[in-house]
Amino acid sequence: MNLKQINIVLIAIMAASPVASQKKIGDFIESKSWNEASRGAKRTMHYRPEGRAFVCENGTARYTRALYGGHTDYRVETSDRPVFAVFKKGKHRNVRFEVNGVPLDSTDYCKAWYVDASRIYLLRDKRWGDVELRMSVVALQNEESALFRFESSNPSYPLDIKAIVCNIHGKGMKRNGDMGADPYGVLEPAANARPVISGATYGAGRAMAYVFVKLNEVSDIAFERASMLWEETVEHNKMLAGRIEFNTPDPYINTLGGALSVAADGDWDGQTWLHGCIGWRMPLAGWRAGYLGDVLGWNDRARSHFDAYAKSQVTDVEPVIPHPSQDPKMNMARAEKKWGTQMYSNGYICRNPEKNNQMHHYDMNLNYMDELLWHFCYNADTAYMRKMWPVIKSHLAWEKRNYDPDGDGLYDAYCCIWASDALYYSGGAVTHSSAYNYRGNRLAARIAEIIGEDAAPYRAEAKRILKAMNSRLWLDGKGHWVEFEESLGLKRKHESPAVWSIYTPIDCGAGTPEQFWRATRFIDNELPHIPVVADGHDYGSTISTTNWLPYSWSINNVASAEVMHTALAYYEAGRHEAAFGLMKANIMDQMYIGGSPGNFGQLSFYDAARGECYRDFGDCIGISSRALIQGLFGIVPDALNGQCVIRPGFPLSWDSASVVTPYMTYRYKRMGNKDVYDITQNFARPLKIVLRQNADRGAYREVEGTDEHHQVITVDRTAPNAATMPEYHVETLPTPTQLGLDEPSKGKFTCVKMDNVLNANVTDIYENRYLSPRPATTTLQIPVTGIGEWCHPDLSADINDSLFRTKVKGDKFVASGVPFRTFRKGNNIAYTSLWDNYPDRITVPLAGRASSAYLLMAGSTNHMQSRIDNGVVTVAYTDGSTDTLRLRNPDNWCPIEQDYYVDGIAFCTTSPRPYRISLATGEVSRDLGETLGIGGVYGRYIKGGAAQMLKMPLNPAKKLSSLTLCTLSNDVVIGLMAVTLQ
964 MNLKQINIVL
974 IAIMAASPVA
984 SQKKIGDFIE
994 SKSWNEASRG
1004 AKRTMHYRPE
1014 GRAFVCENGT
1024 ARYTRALYGG
1034 HTDYRVETSD
1044 RPVFAVFKKG
1054 KHRNVRFEVN
1064 GVPLDSTDYC
1074 KAWYVDASRI
1084 YLLRDKRWGD
1094 VELRMSVVAL
1104 QNEESALFRF
1114 ESSNPSYPLD
1124 IKAIVCNIHG
1134 KGMKRNGDMG
1144 ADPYGVLEPA
1154 ANARPVISGA
1164 TYGAGRAMAY
1174 VFVKLNEVSD
1184 IAFERASMLW
1194 EETVEHNKML
1204 AGRIEFNTPD
1214 PYINTLGGAL
1224 SVAADGDWDG
1234 QTWLHGCIGW
1244 RMPLAGWRAG
1254 YLGDVLGWND
1264 RARSHFDAYA
1274 KSQVTDVEPV
1284 IPHPSQDPKM
1294 NMARAEKKWG
1304 TQMYSNGYIC
1314 RNPEKNNQMH
1324 HYDMNLNYMD
1334 ELLWHFCYNA
1344 DTAYMRKMWP
1354 VIKSHLAWEK
1364 RNYDPDGDGL
1374 YDAYCCIWAS
1384 DALYYSGGAV
1394 THSSAYNYRG
1404 NRLAARIAEI
1414 IGEDAAPYRA
1424 EAKRILKAMN
1434 SRLWLDGKGH
1444 WVEFEESLGL
1454 KRKHESPAVW
1464 SIYTPIDCGA
1474 GTPEQFWRAT
1484 RFIDNELPHI
1494 PVVADGHDYG
1504 STISTTNWLP
1514 YSWSINNVAS
1524 AEVMHTALAY
1534 YEAGRHEAAF
1544 GLMKANIMDQ
1554 MYIGGSPGNF
1564 GQLSFYDAAR
1574 GECYRDFGDC
1584 IGISSRALIQ
1594 GLFGIVPDAL
1604 NGQCVIRPGF
1614 PLSWDSASVV
1624 TPYMTYRYKR
1634 MGNKDVYDIT
1644 QNFARPLKIV
1654 LRQNADRGAY
1664 REVEGTDEHH
1674 QVITVDRTAP
1684 NAATMPEYHV
1694 ETLPTPTQLG
1704 LDEPSKGKFT
1714 CVKMDNVLNA
1724 NVTDIYENRY
1734 LSPRPATTTL
1744 QIPVTGIGEW
1754 CHPDLSADIN
1764 DSLFRTKVKG
1774 DKFVASGVPF
1784 RTFRKGNNIA
1794 YTSLWDNYPD
1804 RITVPLAGRA
1814 SSAYLLMAGS
1824 TNHMQSRIDN
1834 GVVTVAYTDG
1844 STDTLRLRNP
1854 DNWCPIEQDY
1864 YVDGIAFCTT
1874 SPRPYRISLA
1884 TGEVSRDLGE
1894 TLGIGGVYGR
1904 YIKGGAAQML
1914 KMPLNPAKKL
1924 SSLTLCTLSN
1934 DVVIGLMAVT
1944 LQ
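Residue numbering for the sequence shown follows this note's numbering, starting at 964 and increasing by one per position.
Since the hints were derived computationally from the structure, they do not count as laboratory data.
These numbers come from a predicted model, not from an experiment.
A virtual CB, placed ideally from N, CA and C, is assigned to each residue, including glycine.
All the pointers check out, no bait thrown in.
With a straight-line Cα cutoff of 30 Å, these simulated DSS-like cross-link-like pairs (lysine-lysine) come out:
(1) LYS1074 with LYS1089
(2) LYS1052 with LYS1125
(3) LYS1074 with LYS1125
(4) LYS1547 with LYS1441
(5) LYS1201 with LYS1177
(6) LYS1456 with LYS1441
(7) LYS1651 with LYS1426
(8) LYS1426 with LYS1456
(9) LYS1770 with LYS1906
(10) LYS1201 with LYS1074
(11) LYS1716 with LYS1772
(12) LYS1716 with LYS1921
(13) LYS1292 with LYS1363
(14) LYS1711 with LYS1921
(15) LYS1137 with LYS1292
(16) LYS1318 with LYS1054
(17) LYS1356 with LYS1430
(18) LYS1137 with LYS1054
(19) LYS1788 with LYS1772
(20) LYS1051 with LYS1201
(21) LYS1318 with LYS1051
(22) LYS1301 with LYS1274
(23) LYS1922 with LYS1709
(24) LYS1788 with LYS1716
(25) LYS1788 with LYS1711
(26) LYS1134 with LYS1051
(27) LYS1363 with LYS1430
(28) LYS1300 with LYS1318
(29) LYS1301 with LYS1356
(30) LYS1363 with LYS1454
(31) LYS1318 with LYS1137
(32) LYS1005 with LYS1547
(33) LYS1921 with LYS1775
(34) LYS1137 with LYS1005
Okay, the calculated beta carbon distance ranges per label pair:
(35) THR1681 with GLU1458: 33 to 43 Å
(36) GLY1898 with MET1688: 42 to 52 Å
(37) ALA1423 with GLU1194: 55 to 65 Å
(38) PRO1649 with GLY1168: 52 to 62 Å
Please build the complete structure, drawing on both the sequences and the hints.
Encoded structure:
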């Protein structure tokens, strides 16, 4: 393609992929989508496996596979056809080639391989006759440079190469030009660019040539020097990619060992693991990249990472300021950044390596410590344990005083996992953080025993946590953990957990095998499953992280790392077939059907809010290494107890497989009714091999081997476990009638006079400051404005009912044929809340008989109050009996300021949806989003806000006494504007 053609394509791409322009609540970087043009599009398989390579023919993706050289931010962006960009902050350029007058990104035929950290192309074009051109590119390891190699299939056909280098189109990129996070086309040539055209370095006969791009400019290089650099780099890359090797009957798995090693190396900066290779290229103590050192056998890198952040732990600031220490500048939504508070004091691990004086707003301690403890499971070096023991002790003391100050064994969670943004628990008892602290204390006790420290306090704390989790967070009747138990109000349990509240306790061993098996059934039955389909073929299903509404960033996403961690938990629970199916669907979605070959990305194409987004994300690389090596191949070292468990997770159809890692190689072979494992170990200290055979439903049997360097273990194949488990009970959903969603009927209406209980204007809801009750501990909580969350503490919404009031005629507003008594001036709502601002309930006297009560209501709700009753309307009869209408987000209770995004896939609610009344227009609709033209997924702002109407069924044979509205959920305000009987 010439420059003019490229610019035309670029303009078309940019026009097709805008972010919706309407105002949004929380319209920030992580709410933007550049994938609108592909939303709902039919997918095709972009890549296929060929040996260890990801291959495509005549592909179309541009600048989507990065090659990483040394451990800097320099990278070479490659495409399905030979068009490139070199990228370093402030030094990025587009690089194209013409060979014998033919632009290489528009040849008649192109086959492309991604393998061993290189991109290789085979090109044909009628203008070359029967000559084929083989082109390859690598990023050099010891300097920020790229080397391109060209080879003609005909030694007598001389090559004439033009390298065309120019500025890129993108300016002011937010995420380093990463896929889906910055606009597509940012790496294309800039409009009206003035390219620099250079030649190549040729070999004898000009049938082979090199182009050397030093940083971002073509630079002269001798042919012999280029050849030497090429061979050195290719050899280095092959060794790197060969570090991990998978051989299985499934060719889509066999490519992953090299891709995993190369992506992990790209996520290393020479000292620590990074947040991501491209879009989030910065050091990070937490999330899951820190597993990589041990799981991929880089013991030296593991210690470098752990040592660097051990030096970031605060050791000289005593916690002298008591709880709570909330930040008034952040509307009390998060901790005040002040030294000497319980949070910012001894034990806290700071943001950057080797700097213990930088406050950050995440609890990175938990993930860092979990990864450090895994390190000791791979290498129980007592000298290193002693070195790190003060770090472990200080961390556990910090977690205890901050998140379990009442000593009940259950911990609050303070943005301590990837899915932290918008996640808050207001001092509650949280499953995932309690599980991490259980494992931390349990392993600390074992380390203390080994190095001669007092293990008793840690053993007792682990026992206390597990007991409390089982008694308060485990729902035995339902077979899974809750998301959290509230610390305030009614102290209810939130019984619709996210995936992290299932996989974390399983991964941390906080329960029994039977509990683990049962808990995964919640994911099977309750969380959204999304088919991964390409070319009409179904490759299984991926999952969304929650079923909560409304959408907020990191709350309900299709995130690759979350899928892989869930797959790992399925392996740990003994559900190997389901684990492999989930993992394979994610692999196909991200690495073969997606836009980047071999990508360990952040978000899936199926993510409703953002689509396919980010590449080689540290969190995903790290947990994928565990899902593949600890899950599928089942290598689980336990050096603290002198053993290594091998619990293979192979599909039943596999009769052979093998794996190569730096610390263990084994080959599995099925021989009749026997399974044979040929095992070679290379741990720092030999470990006894224990083969764990899955017997299903939480049962297994173990066969002990030896600690010899090489051994062969032969076992009889196990029969499925005959033990029965309680069947998962899917709750019967309320009917539309029970939810108050039936269509209004014709008949006589009686407007109830409730003037005496009206206590506010509808518009007051976000004008208040909700100061009490609040937790007595430092925590993450809803801002004092009653809207937003800790990431966006200044959010608000303009609720304006002035036009709605103009629609009131004779103290009546008619919605879908139903008249409601309301006023043009003065108070027009009775708000209730567990905040002290309003009463928790109001009661309206009733009289006579009726078959229905129509309720005009408005109020707030949020994702942390989803899938739970926010409030309840109770109608009492004179005979003492009652009828109730429960107000549940999202089925029949909606946030006043926004419209739920519902797609029937990851975002589901009942049908029909409640009637909503626009306060800015007076329009009434069951789909106000469509009526008002609201687009997008995130922050579907309703100008002026919206009320809603419900139809509560009553017993017409009974005399009415009263109607009571009661708020049940913390954080929310529920208001009744009018009641009409029929």
